[in-house]
Amino acid sequence: MEIDAFYYLILSTVMMFAGIYGFFTRRNLLATLISVELMLNATNINFAVFNRYFYPGALEGHFFTLFGIAISAAETAVAIAIMINVYRNVRNIQTDDVSDLKG
Numbered sequence: 371m372e373i374d375a376f377y378y379l380i381l382s383t384v385m386m387f388a389g390i391y392g393f394f395t396r397r398n399l400l401a402t403l404i405s406v407e408l409m410l411n412a413t414n415i416n417f418a419v420f421n422r423y424f425y426p427g428a429l430e431g432h433f434f435t436l437f438g439i440a441i442s443a444a445e446t447a448v449a450i451a452i453m454i455n456v457y458r459n460v461r462n463i464q465t466d467d468v469s470d471l472k473g
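Residues in the sequence shown are numbered from 371 upward in steps of one, following the numbering used here.
Rather than coming from a laboratory, the hints here were simulated on the basis of the structure.
A portion of the hints provided could be inaccurate.
[To be verified] Taking CB as the label site, the calculated pair distances span:
#	residue 1	residue 2	range
1	Asn459	Glu372	51 to 59 Å
2	Val448	Ala388	19 to 27 Å
3	Ile441	Phe394	18 to 26 Å
4	Phe376	Asn459	42 to 50 Å
Owing to the predicted nature of the structure, the values given are computational and were not obtained by experimental measurement.
The beta-carbon is built from N, C-alpha and C at its ideal position, and this holds for glycine as well.
Full structure from sequences and hints, please.
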């Protein structure tokens, strides 16, 4: 039994909207980062689904998915470094307290 592409696209849409909701409503920098990662993973699912169901045998979608995963890993490393720096200066990673940084 094969799962239809429609269900994967529904999953991707739900993940994207959950990421958008989390990005705009969370006040913690770590939760915001997780929301951005959720949105990036939703796009990776779309790349894989469109490649598998609409262009079978092609590898472009898989390459774009791997490229997206590499971008996610690099973005996570940079974001965690920024969060560590903010925590050292403010002792909190709430987005309201980030404005207290001076110089």
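Does the structure break any of the earlier hints, and which numbers would those be?
-> As far as the earlier hints go, not one is violated by this structure.
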